[in-house]
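Visitor: Here is how the chains run, residue by residue.
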Amino acid sequence: MHTSLTRIAAALVASTMLAGVANAETIRWARSSDALTLDPHSQNQGVTHTFAHHIYETLLGRDNDGNLTPRLATEWALKEGDDTVWVFKLREGVKFHDGADFTAEDVVFSLDRARSEGSNMKQLHAEVASVTAVDDLTVEIQMVGPSPLYPNNVTNTFIMDKTWSETNDLQDVQDFGAGETNYAVLNTNGTGPYSLTSREVDVQSVLTAFDGWWGEAPAVTEIVYLPIADNATRVAALLSGDVDIVQDVPVQDIERLQNTAGFKVETGPENRIIYFGYKFGEEPLKSSNITDSNPINNPLVREAMELALDRVAIQQVVMRGNSIPAGVATPPFVNGWTEELDAFPAPDVEKAKALLAEAGYPDGFSITLDTPNNRYVNDEAISTAFVGMLGQIGIQVTLASRPVAEHSPVILANESDFYLLGWGVPTFDSAYIFNDLVHSKTDTHGTYNVGLYSNPELDEKIISLGTETDFDKRNATIAEIWEVVKADRVLLPVHNQVLAYAMRDGITLPVQPENQPNMTTVVFE
Amino acid sequence: MLAFIARRLGQSVLVMLVVAFIAFMVFRYVGDPVSSMLGQDSNMADHEALRERLGLNEPFYVQFYHFVVNALQGQFGISYRLQQPVTQLIMERLPATIELAVASSLIAVVVGVVLGIYTALRPRAISTAVIMTLSLVGVSLPTFLIGIGLIYIFAVELQVLPSFGRGQVVNLGWWRTGLLTESGLRSLILPAITLSLFQLTLIMRLVRAEMLEVLRTDYVRFARARGLSQRAINFGHALKNTMVPVITITGLQLGSVIAFAIITETVFQWPGVGSLFVNSVAVVDVPVMAAYLVFVALVFVVINLIVDILYFIVDPRLRDGAKTGR
Numbered sequence: 001m002h003t004s005l006t007r008i009a010a011a012l013v014a015s016t017m018l019a020g021v022a023n024a025e026t027i028r029w030a031r032s033s034d035a036l037t038l039d040p041h042s043q044n045q046g047v048t049h050t051f052a053h054h055i056y057e058t059l060l061g062r063d064n065d066g067n068l069t070p071r072l073a074t075e076w077a078l079k080e081g082d083d084t085v086w087v088f089k090l091r092e093g094v095k096f097h098d099g100a101d102f103t104a105e106d107v108v109f110s111l112d113r114a115r116s117e118g119s120n121m122k123q124l125h126a127e128v129a130s131v132t133a134v135d136d137l138t139v140e141i142q143m144v145g146p147s148p149l150y151p152n153n154v155t156n157t158f159i160m161d162k163t164w165s166e167t168n169d170l171q172d173v174q175d176f177g178a179g180e181t182n183y184a185v186l187n188t189n190g191t192g193p194y195s196l197t198s199r200e201v202d203v204q205s206v207l208t209a210f211d212g213w214w215g216e217a218p219a220v221t222e223i224v225y226l227p228i229a230d231n232a233t234r235v236a237a238l239l240s241g242d243v244d245i246v247q248d249v250p251v252q253d254i255e256r257l258q259n260t261a262g263f264k265v266e267t268g269p270e271n272r273i274i275y276f277g278y279k280f281g282e283e284p285l286k287s288s289n290i291t292d293s294n295p296i297n298n299p300l301v302r303e304a305m306e307l308a309l310d311r312v313a314i315q316q317v318v319m320r321g322n323s324i325p326a327g328v329a330t331p332p333f334v335n336g337w338t339e340e341l342d343a344f345p346a347p348d349v350e351k352a353k354a355l356l357a358e359a360g361y362p363d364g365f366s367i368t369l370d371t372p373n374n375r376y377v378n379d380e381a382i383s384t385a386f387v388g389m390l391g392q393i394g395i396q397v398t399l400a401s402r403p404v405a406e407h408s409p410v411i412l413a414n415e416s417d418f419y420l421l422g423w424g425v426p427t428f429d430s431a432y433i434f435n436d437l438v439h440s441k442t443d444t445h446g447t448y449n450v451g452l453y454s455n456p457e458l459d460e461k462i463i464s465l466g467t468e469t470d471f472d473k474r475n476a477t478i479a480e481i482w483e484v485v486k487a488d489r490v491l492l493p494v495h496n497q498v499l500a501y502a503m504r505d506g507i508t509l510p511v512q513p514e515n516q517p518n519m520t521t522v523v524f525e
Numbered sequence: 001m002l003a004f005i006a007r008r009l010g011q012s013v014l015v016m017l018v019v020a021f022i023a024f025m026v027f028r029y030v031g032d033p034v035s036s037m038l039g040q041d042s043n044m045a046d047h048e049a050l051r052e053r054l055g056l057n058e059p060f061y062v063q064f065y066h067f068v069v070n071a072l073q074g075q076f077g078i079s080y081r082l083q084q085p086v087t088q089l090i091m092e093r094l095p096a097t098i099e100l101a102v103a104s105s106l107i108a109v110v111v112g113v114v115l116g117i118y119t120a121l122r123p124r125a126i127s128t129a130v131i132m133t134l135s136l137v138g139v140s141l142p143t144f145l146i147g148i149g150l151i152y153i154f155a156v157e158l159q160v161l162p163s164f165g166r167g168q169v170v171n172l173g174w175w176r177t178g179l180l181t182e183s184g185l186r187s188l189i190l191p192a193i194t195l196s197l198f199q200l201t202l203i204m205r206l207v208r209a210e211m212l213e214v215l216r217t218d219y220v221r222f223a224r225a226r227g228l229s230q231r232a233i234n235f236g237h238a239l240k241n242t243m244v245p246v247i248t249i250t251g252l253q254l255g256s257v258i259a260f261a262i263i264t265e266t267v268f269q270w271p272g273v274g275s276l277f278v279n280s281v282a283v284v285d286v287p288v289m290a291a292y293l294v295f296v297a298l299v300f301v302v303i304n305l306i307v308d309i310l311y312f313i314v315d316p317r318l319r320d321g322a323k324t325g326r
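Chains A and B, in that order, give the protein sequences.
Take the first sequence: its position 167, counting from 1, is numbered 167 in the working numbering, and each next residue is one higher.
Take the second sequence: its position 140, counting from 1, is numbered 140 in the working numbering, and each next residue is one higher.
Hints listed in this document are in silico derivations from the structure and should not be mistaken for laboratory results.
One or more of the hints may lead you astray.
Listed next, the stretches of chain A that the computed footprint assigns to chain B, with coverage defined by at least 3 CB atoms under 8 Å from CB atoms of chain B [to be verified]:
| hint | segment |
| --- | --- |
| 1 | 201-208 |
| 2 | 236-249 |
Quick look at which bits of chain A chain B covers, simulated, 3 or more residues with Cβ under 8 Å [said to hold, decoys possible]:
| hint | segment |
| --- | --- |
| 3 | 43-56 |
| 4 | 404-418 |
| 5 | 438-450 |
Listed below are the simulated SDA-like cross-link pairs for lysine to any residue, each with C-alpha atoms no more than 25 Å apart in a straight line [what the hints assert, rightly or not]:
| hint | chain 1 | residue 1 | chain 2 | residue 2 |
| --- | --- | --- | --- | --- |
| 6 | A | K441 | B | N57 |
| 7 | A | K89 | A | T427 |
| 8 | A | K264 | B | V160 |
| 9 | A | K264 | B | E157 |
| 10 | A | K441 | B | R51 |
| 11 | A | K264 | A | V317 |
| 12 | A | K79 | A | R91 |
| 13 | A | K486 | A | A359 |
Here the structure is a predicted model, which is why all the values come from computation and not from measurement.
Ideal Cβ placement from N, Cα and C applies to all residues, glycine included.
Could you put together the complete structure from these sequences and hints?
Guide: Structure (structure tokens):
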């Protein structure tokens with residue numbers, strides 16, 4: 001019995017070593033969840049986009065510093081003499097996986113599909129009036145008005161083949177309500193560096209390098225994509241040699257993996273800010289013992305709360321060094337961010353208490369803090385830490401911790417007095433933050449301005465950003481808005497998240513700020 | 001016998017309806033599918049439109065009525081998360097769960113019964129004391145800890161078994177099995193052991209207690225007095241009478257193994273219905289959650305029915321009772 005076990009073990013070790021040498025170009029890539037669908041316009045979600053970027057391509061891409069780069073479009077500019085039309089020059093000689101040529105007609109079809117009713121990408125194309133093909137390699141996009149930043153919105157809108165889509169009845173994005181499913185959910189035909197070889201949802205997907213790709217042939221020739229939901233199992237899979245790269249590395253494992261021989265961890269800032277938000281307005285809070293007014297509406301109280309927040313302690317203790325404390329509610333990649341704005345005051349309990357007393361709450365008050373517990377890195381632990389810090393200045397906080405699926409509806413119904421949220425900025429421009437977090441809440445704006453902050457003057461400025469084509473003037477307006485947002489303490493930023501990818505020695509996968517790693521960037525040593 | 005089965009069937013239908021009702025009601029409070037489906041870029045008008053399209057604005061009883069009518073036809077709608085028909089998703093993952101459940105139950109029954117008999121026949125041996133102590137540890141450690149522990153020992157440290165997944169699978173018609181490949185079998189070992197431990201202990205303790213009880217009864221003493229061999233007494237007389245409660249427990253446990261393989265499946269990334277359920281809860285995929293609950297209830301109901309019928313066959317007293325119309 002014992003000898004046979006040893007023999008099996010020896011054989012296994014030998015076979016895995018052999019496999020390691022023979023398939024050096026295969027990357028087994030594990031992360032916590034699977035892409036939701038392969039239909040490129042049906043979900044607007046990072047995991048789904050990350051997977052799709054390997055199969056489908058977009059007009060423009062983004063490099064690891066957040067700059068726009070050419071992809072299916074090689075040039076893009078406003079039409080001469082008309083600042084409401086964007087002109088995209090397309091790449092020559094691009095083929096779809098089934099061999100069809102890529103032309104302007106495919107772009108027109110895809111953009112129209114992406115802004116159709118059932119598409120979750122339509123929000124990013126709300127300013128588009130029409131898309132036309134001028135010739136085979138030129139597309140003109142007529143905007144509703146001047147839209148200086150529209151190219152920022154196309155980095156996750158994938159281009160499908162018109163003929164293939166029409167053959168498979170994919171003109172419309174799937175309609176959930178009607179109980180429909182469609183061909184594109186499980187089948188693909190893109191222009192990207194990899195084509196789909198097999199897909200078993202939630203289990204494993206295999207991608208093979210497409211030899212007709214226009215770019216330089218990638219070092220990774222095969223990708224085995226493995227969703228592993230459990231944190232401990234995912235890390236164990238890396239340590240046992242069953243996978244090569246692990247995304248979504250739990251913070252508590254980063255240091256250990258860095259110190260384990262044979263493995264390394266790449267870290268880098270993510271384009272995501274974590275912040276606390278408050279309920280504004282004079283109406284008394286639902287969760288407070290102060291029943292005749294809203295203490296948070298008093299700027300002195302908000303200042304006191306900021307002085308109670310020890311961002312550095314949260315970075316060191318809760319995040320184990322894996323975060324970047326922030327003084328402004330935007331990640332550093334984003335247009336509008338400045339070092340000056342990002343400065344934050346040192347915590348000062350005495351001054352905070354004095355401010356509370358001055359505001360008329362010498363004994364503090366009570367309030368409930370709503371926090372998700374499975375959405376952001378250590379989200380619940382961050383909130384718990386802040387509860388303790390606020391306790392020191394006399395604010396008694398009850399923590400209401402929920403899974404994000406329950407947290408979101410509470411937040412979106414404006415029912416929270418005090419909450420934690422995170423915000424990514426896919427357009428890399430401050431307007432995206434202002435539109436949803438600062439503008440007064442309406443049907444189309446301020447969706448996550450759930451504390452109902454309202455400043456008509458700012459609203460006007462925010463709207464003007466959408467159509468201002470003079471970039472200097474526009475940036476000046478952004479600076480003005482940030483000044484008010486920061487002075488008013490509309491949001492209480494905590495930190496920017498840091499991303500970590502763990503991998504075995506011998507390969508390097510650089511961190512991508514939108515957490516959309518690209519396997520064509522993998523380097524073997 | 002027929003009347004008995006008919007009565008039990010009637011009860012089963014009632015149970016299913018109640019479960020469907022509860023499932024449906026509970027899932028209205030677990031969260032909002034719309035916000036996880038639409039993501040950060042959506043506005044309030046989009047939310048309202050999608051809620052309307054999904055029929056979430058209709059009154060509760062209308063939604064429940066549609067749910068039951070569709071469920072009766074085997075239709076549970078489209079998964080919000082994966083955009084595929086729920087029935088198809090569950091059917092695709094069922095083989096993985098069943099193979100895991102059967103393998104772990106086999107381990108539990110065989111090892112459990114053997115150890116149970118052994119410890120009953122040698123109540124004072126040191127080995128018995130060791131087994132009983134170990135079994136206490138087995139019951140008190142949570143499943144996920146056992147799973148992670150096994151992964152660390154056998155996958156990370158010794159590197160002899162895979163850390164996750166189901167290995168290579170083979171399609172036999174609609175049944176996708178991992179039992180025919182080496183990697184599939186090797187992948188099965190750790191999760192099957194993990195899942196079996198709790199039932200194994202349960203069965204072992206039950207067999208032991210029943211056996212000790214039976215060995216003390218008069219007819220065993222008489223059998224001994226008549227000079228029957230120890231073997232004939234232990235296995236012919238004692239063990240047979242121990243088995244009725246064991247069948248019940250094993251049957252019910254098989255139900256809970258299928259239903260609650262959730263944790264084991266999650267720890268080992270085993271692609272069964274349990275991990276499908278967990279992934280669905282995270283994003284409030286109501287159609288999958290509701291279908292899964294109804295499915296689990298069905299499993300329990302069917303197994304209970306079978307256990308009752310087995311009782312009928314094994315225990316003559318029940319049969320006589322039925323004949324006299326009791």
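Visitor: With reference to the structure, classify each hint as holding or not holding.
Guide: Verification of the hints:
no.	hint	verdict
1	201-208	holds (count 4)
2	236-249	holds (count 6)
3	43-56	holds (count 3)
4	404-418	holds (count 6)
5	438-450	holds (count 7)
6	A:K441 <-> B:N57	holds, 22 Å
7	A:K89 <-> A:T427	holds, 21 Å
8	A:K264 <-> B:V160	holds, 23 Å
9	A:K264 <-> B:E157	holds, 18 Å
10	A:K441 <-> B:R51	holds, 19 Å
11	A:K264 <-> A:V317	holds, 22 Å
12	A:K79 <-> A:R91	holds, 18 Å
13	A:K486 <-> A:A359	holds, 20 Å
Every hint from the earlier list agrees with this structure, and none is contradicted.
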